[in-house]
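Protein chains in written order, with this note's numbering: chain A, 1197 to 1509; chain B, 540 to 728.
No lab work stands behind these hints, which were simulated from the structure alone. Every residue gets a Cβ at the ideal spot worked out from N, C-alpha and C, and that includes glycine. One should not assume that every hint holds.
FRET-style restraints, in silico, Cβ to Cβ [to be verified]:
| no. | chain 1 | residue 1 | chain 2 | residue 2 | range |
| --- | --- | --- | --- | --- | --- |
| 1 | A | Arg1278 | B | Ala657 | 20 to 30 Å |
| 2 | B | Met609 | A | Glu1279 | 56 to 66 Å |
| 3 | A | Arg1278 | B | Ser571 | 27 to 37 Å |
| 4 | A | Ser1203 | B | Asn669 | 32 to 42 Å |
| 5 | A | Pro1298 | B | Val544 | 36 to 46 Å |
| 6 | B | Asn596 | A | Glu1279 | 13 to 23 Å |
| 7 | B | Tyr712 | A | Asn1318 | 22 to 32 Å |
| 8 | B | Arg663 | A | Asn1318 | 57 to 67 Å |
| 9 | A | Tyr1198 | B | Asn651 | 29 to 39 Å |
| 10 | B | Asp577 | A | Glu1308 | 31 to 41 Å |
| 11 | A | Ser1203 | B | Arg703 | 26 to 36 Å |
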Amino acid sequence: MYEQIASNRAKTVFIIIGFIAFITAVGFAVGYYVDYRYGINSSYSILFMVFALILAIIMSFSSYYYSDKIVLGLTRARPISREENPQIYYMVEGLSIAAGLPMPRIYMIEDEGMNAFATGRNPQNSVIVFTRGLLDNLDDEELKGVISHELSHVKNYDILLGTIVVILVGMITIISNIILRSFIFGGRGRRSDRSSGGGILTLIFLIVGIALLILSPIIATLIRLAISRNREFLADSTGALVSRYPAGLANALKKISKHSEVRTASSATAHLFIANPFGSKSKVMFSNLFNTHPPTEERIRRLESMSLGVGVK
Amino acid sequence: MVTGVIVVIAVISGIVILLILIGIGIYNSIVSLRNKVDNSWHQIDVQLRKRYDLIPNLVETVKGYAKHEMETLQNVINARKIGIDAKTVKEQAKAENMITETLKSLFALSENYPNLKADQHFLRLMEQLNGIESNIAYARQFYNDMVMQLNTRIQIFPGNIFARIFNFTARDYFEIEEIAAREPVKVQF
């Protein structure tokens, strides 16, 4: 458990540093490109790099503090009050006591699909989000299973890593798209106006730069995969320890897997959800390899073996 | 010869330093577990106090409808008092089981009084008490988890050595003893 927290914190720091390095490198590359094309002085590369570094640090800090709000906004979640749904408050309150966590805030997405996720930077600032479909269709034991699963993500600091990844990887994707496009559409002609000073070195640099930009979405996807799949199993089992009833979550997953689509989910936020928000039906070749979630059948099987079949529907 | 002696001294002092560092690590981990147990006990305590605060209110409400059920009401009041006066975890657990049992019989009794059952105030109290009841169960679960971690740490080697030196003692579990909880009811009459 504590190793898990330490590893999540380390990974978060690593990703933030990687992000800052990436943005700074991009700044340098852009500056270098400007130097190369307009060739006034060779100072643009440094200027752009410093500017990008400052920008990246500001973005990292703000994504640490505001990423939960951005994620809630992206998925169009709204807070639910105690009066609106006292039942869910009782359950979350009780289970967070059992997990030894402060009470998280509770949000809801208006969607008939059944899904849930947790976000925030630490347990003191955590949010659990349910879809309306989930609250309407699951019984109390199943809901408790889902809540315990999400509370485990909170306890493990999976929420910090998962949420930071949404923002930073999202920004990398956007920036690399912009630059890639400007290279492709802005890079024609004009090159004959200036003397071919940079020569072969510049050409190599441009090729490397473009390769990096093309690769970055793939890198981003890989990061997301690396952080998501095994921790779902882990959160399932830790969650079962909190609720003391593995069958609750197993039954919930059975229901959820039939209809887990959430319209407001995107590829940036998909890895946060308890079950694949694009549904489990879209089976393409290698889909298993690139899925952010382990197969539900496997998760259910493991939970059932934990509960020795007791209470499984 | 001299270098040989220096090497031996260096190795021995290295081992000693290593042992001291490991010792500090174990000592700190026991202290932090003990603090977690204390904190989780506090979580139970918060819920118990909430329940103590609601009981007089409940008793007053029931009195208004069911004057003749003084015995049941008195049991609840007595159990609450024992709970407030409890000093150890064992006493507390026993008292709380008693409160739970006496409240159960109070709620069962309300079945005979349709007016009481329809009272909004009574219904709200009952709902709150049920909520607190389940929170107590959850808090107890967390507390017992923490106690188990602490006890295991100071009972297995090498934690047991530190426990003896620094006088760390195993904590009591907060247990539900159904039978023990029912018996004390006859004490007062």
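Hint by hint, here is what the structure shows:
{"no.": "1", "hint": "Arg1278(A) with Ala657(B): 20 to 30 Å", "verdict": "24 Å, holds"}
{"no.": "2", "hint": "Met609(B) with Glu1279(A): 56 to 66 Å", "verdict": "37 Å, violated"}
{"no.": "3", "hint": "Arg1278(A) with Ser571(B): 27 to 37 Å", "verdict": "34 Å, holds"}
{"no.": "4", "hint": "Ser1203(A) with Asn669(B): 32 to 42 Å", "verdict": "40 Å, holds"}
{"no.": "5", "hint": "Pro1298(A) with Val544(B): 36 to 46 Å", "verdict": "58 Å, violated"}
{"no.": "6", "hint": "Asn596(B) with Glu1279(A): 13 to 23 Å", "verdict": "21 Å, holds"}
{"no.": "7", "hint": "Tyr712(B) with Asn1318(A): 22 to 32 Å", "verdict": "30 Å, holds"}
{"no.": "8", "hint": "Arg663(B) with Asn1318(A): 57 to 67 Å", "verdict": "35 Å, violated"}
{"no.": "9", "hint": "Tyr1198(A) with Asn651(B): 29 to 39 Å", "verdict": "54 Å, violated"}
{"no.": "10", "hint": "Asp577(B) with Glu1308(A): 31 to 41 Å", "verdict": "46 Å, violated"}
{"no.": "11", "hint": "Ser1203(A) with Arg703(B): 26 to 36 Å", "verdict": "34 Å, holds"}
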